[in-house]
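Those sequence lines, one after another, are chains R and Y. Everything in the first sequence is counted per numbering that gives the first Met the number 0, starting at 0 for the first residue and increasing by one. Everything in the second sequence is counted per numbering that gives the first Met the number 0, starting at 0 for the first residue and increasing by one.
These are computed hints drawn from the structure, not numbers from a lab. Mixed in with the good hints, there may be bad ones.
[Said to hold, decoys possible] Keeping only pairs whose Cα atoms sit at most 16 angstroms apart, straight-line, the calculated EDC-like set for lysine to aspartate or glutamate is: (1) Y:K320 - Y:E474; (2) Y:K254 - Y:D207; (3) R:K90 - Y:E424; (4) R:K96 - Y:E90; (5) R:K90 - Y:E90; (6) Y:K99 - Y:D45; (7) Y:K36 - R:D75.
Model, not experiment: these values are computed from the prediction.
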Amino acid sequence: MTFQISDHFLHLTIDGRLYNESIIYKCFYWYTREFTVNIDLKNETSYNISLQPISKRESSYNWGEVIERIKRDLIDFRLRDIITKETQTIKELIVAKAFAYYDTEDPLTSDVSDRVGFDPENV
Amino acid sequence: MKERLTRKFLPPDIFKKSAGDTYYLLPFKFHRITSKKEVLINEVGDFLIVPVGTSALIIERKINREDHEELYADLIANFFISEQPIPALAEVLATRYRTKKSFLDYFTSLHIFVITLRCEHTCHYCQVSRVTADKSLYDMSKEHIDAGIQIMMQSPNPHLTMEFQGGEALLAFENIVYAVKRVQQEALIRDKTVTFVICTNLAPLTEDMLVYFKQNNILISTSLDGPESIHNKNRHKPFDNSYQLTIDGINKCRKELGEENISALLTTSTLSLQYPNEIVDEYVNQGFRNIFLRPISPYGFAKHNEKKNGYETAQFLDFYKKALNRILQHNLNGYFIREDYACIILKKMITPFPVGYVDLQSPAGLINSVIVFNYDGKIYASDESRMLAEMNDFTFQLGTLGYSTYKDVFYGTKSIEISEVFLNEALPGCADCAFQAYCGADPVFNYATQGDMWGHRPTSSFCQRNMEIIRYLIELMDSDKKIEKIFRNWITGKN
Chain R
0 MTFQISDHFL HLTIDGRLYN ESIIYKCFYW YTREFTVNID LKNETSYNIS
50 LQPISKRESS YNWGEVIERI KRDLIDFRLR DIITKETQTI KELIVAKAFA
100 YYDTEDPLTS DVSDRVGFDP ENV
Chain Y
0 MKERLTRKFL PPDIFKKSAG DTYYLLPFKF HRITSKKEVL INEVGDFLIV
50 PVGTSALIIE RKINREDHEE LYADLIANFF ISEQPIPALA EVLATRYRTK
100 KSFLDYFTSL HIFVITLRCE HTCHYCQVSR VTADKSLYDM SKEHIDAGIQ
150 IMMQSPNPHL TMEFQGGEAL LAFENIVYAV KRVQQEALIR DKTVTFVICT
200 NLAPLTEDML VYFKQNNILI STSLDGPESI HNKNRHKPFD NSYQLTIDGI
250 NKCRKELGEE NISALLTTST LSLQYPNEIV DEYVNQGFRN IFLRPISPYG
300 FAKHNEKKNG YETAQFLDFY KKALNRILQH NLNGYFIRED YACIILKKMI
350 TPFPVGYVDL QSPAGLINSV IVFNYDGKIY ASDESRMLAE MNDFTFQLGT
400 LGYSTYKDVF YGTKSIEISE VFLNEALPGC ADCAFQAYCG ADPVFNYATQ
450 GDMWGHRPTS SFCQRNMEII RYLIELMDSD KKIEKIFRNW ITGKN
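Full structure from sequences and hints, please.
Next up, the structure:
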């Protein structure tokens, strides 16, 4: 990841192999409150991102702090991406089970009602 | 010979996995609540407060049973990780997810009838009322009342709430009596239970009305904006003292109907934001056991003004925290009083049950939980939708009483259009938010403040407000066990 500050812009280049498109968009979505965000594909493996403060008072910006926040947020969104991918199937299973339409369940049938051998008809 | 089965527990070693064995992630999200702590929240709203960086350790498989015994046990027990690809208690998790969404089971429950638009107050934050004696122009006609009741009775919900609003609802008391009688007859035929609520400033209250309310188990909801100076500035009644009328009315209702059948709501105005402690103390002095610190309403002041809305959101959050701390202080001093907005969120956090607060649900409460029949026969998706209509914006108008069928209203083109944006699970920003299970979607708010139903979370005052309140509640619980106990008492209702 490389950073450059010039003409009141913060320019970043991010390796798309570490942080994919989804991660980058989700992360920088939250920066659109304070900044005008531009995301371009530099090449097959990299993204160019530029941030320009919406407020005209650029001198009040601590770019160092912004860079630290970006690094932290990118890691967080990458972790979230890992969770989402790893848990997609189980999540779909849970939701499907939650809203499956259950018809009247067939009563369980077995020789005994209790697996340790208790026979309720022979007390 | 068949091995004899036994009830004895198997030895602990059978259940232990070795340090090298991996575990499987279950769906969860995380969010930093302070510089040192983060909160993990699973798909059904269970949460764990842990040191910052714990989520990374979990995901990187650096947690194990031996070195992190307590954390590991918490993660397993609370469905954050599993030792099998499909957890043994997957059915329990699914049932809990279903329970969280069970408010959808029976569809619309709350039916608001704006019985009149006439009012004798001139509350400065009200956008909808008219001061006039012309009943025919601003009262709901009996034909519209009948049509509204017909639609209400078609709801699949066996438990309905019929809420009369205004203007000042009691100015059309005869129509309320007519409507209640009709509904009671219909409810018997259709085997439904109906709860009646009247929203009133209590100024027109008479002894006959009190007798009627008691006979028909009608609940009263009124407004108390704080001490006299604040209340009267917010809710001016020409040539009279609105505060005194309200207090007198509350006392009469308590005496006649019982304390549990009268509630008061606070409307937070810009003036209110300067007096959090005074407002809380007023509620305590008047003997209330709950106060609802409702967010400031965006309808009426500058729409699409992000800067103004953002400033006022920051002010509201400052007000909320100060007021909440004052409420907690009263509780610590032995006076039980709960804050209702916090309770809504805490109930979602601490219990497996959903909450019937329509402004903080996903799928959103509009249409699914509430519908509004206006005095002029128009049907709206929510109370705020009709406020937009008063500003000549009919985006959320769903139909007309006497013309539109139940299907037209609830399954028509507009309802379907709104349904595409009323799930926070599918909204940008919300889809990955750790607080998703505690929050909701509000397409009307998004539209009114940001120009479209989707909304833009980074600049949304709905998002900023709820994220900060939820974060603050978690931080408070983590910081002081006494506060956690107070919060739990609020949910259980124990005094």
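Tested hints:
no., hint, verdict
1, Y:K320 - Y:E474, "12 angstroms, holds"
2, Y:K254 - Y:D207, "14 angstroms, holds"
3, R:K90 - Y:E424, "13 angstroms, holds"
4, R:K96 - Y:E90, "7 angstroms, holds"
5, R:K90 - Y:E90, "12 angstroms, holds"
6, Y:K99 - Y:D45, "11 angstroms, holds"
7, Y:K36 - R:D75, "14 angstroms, holds"
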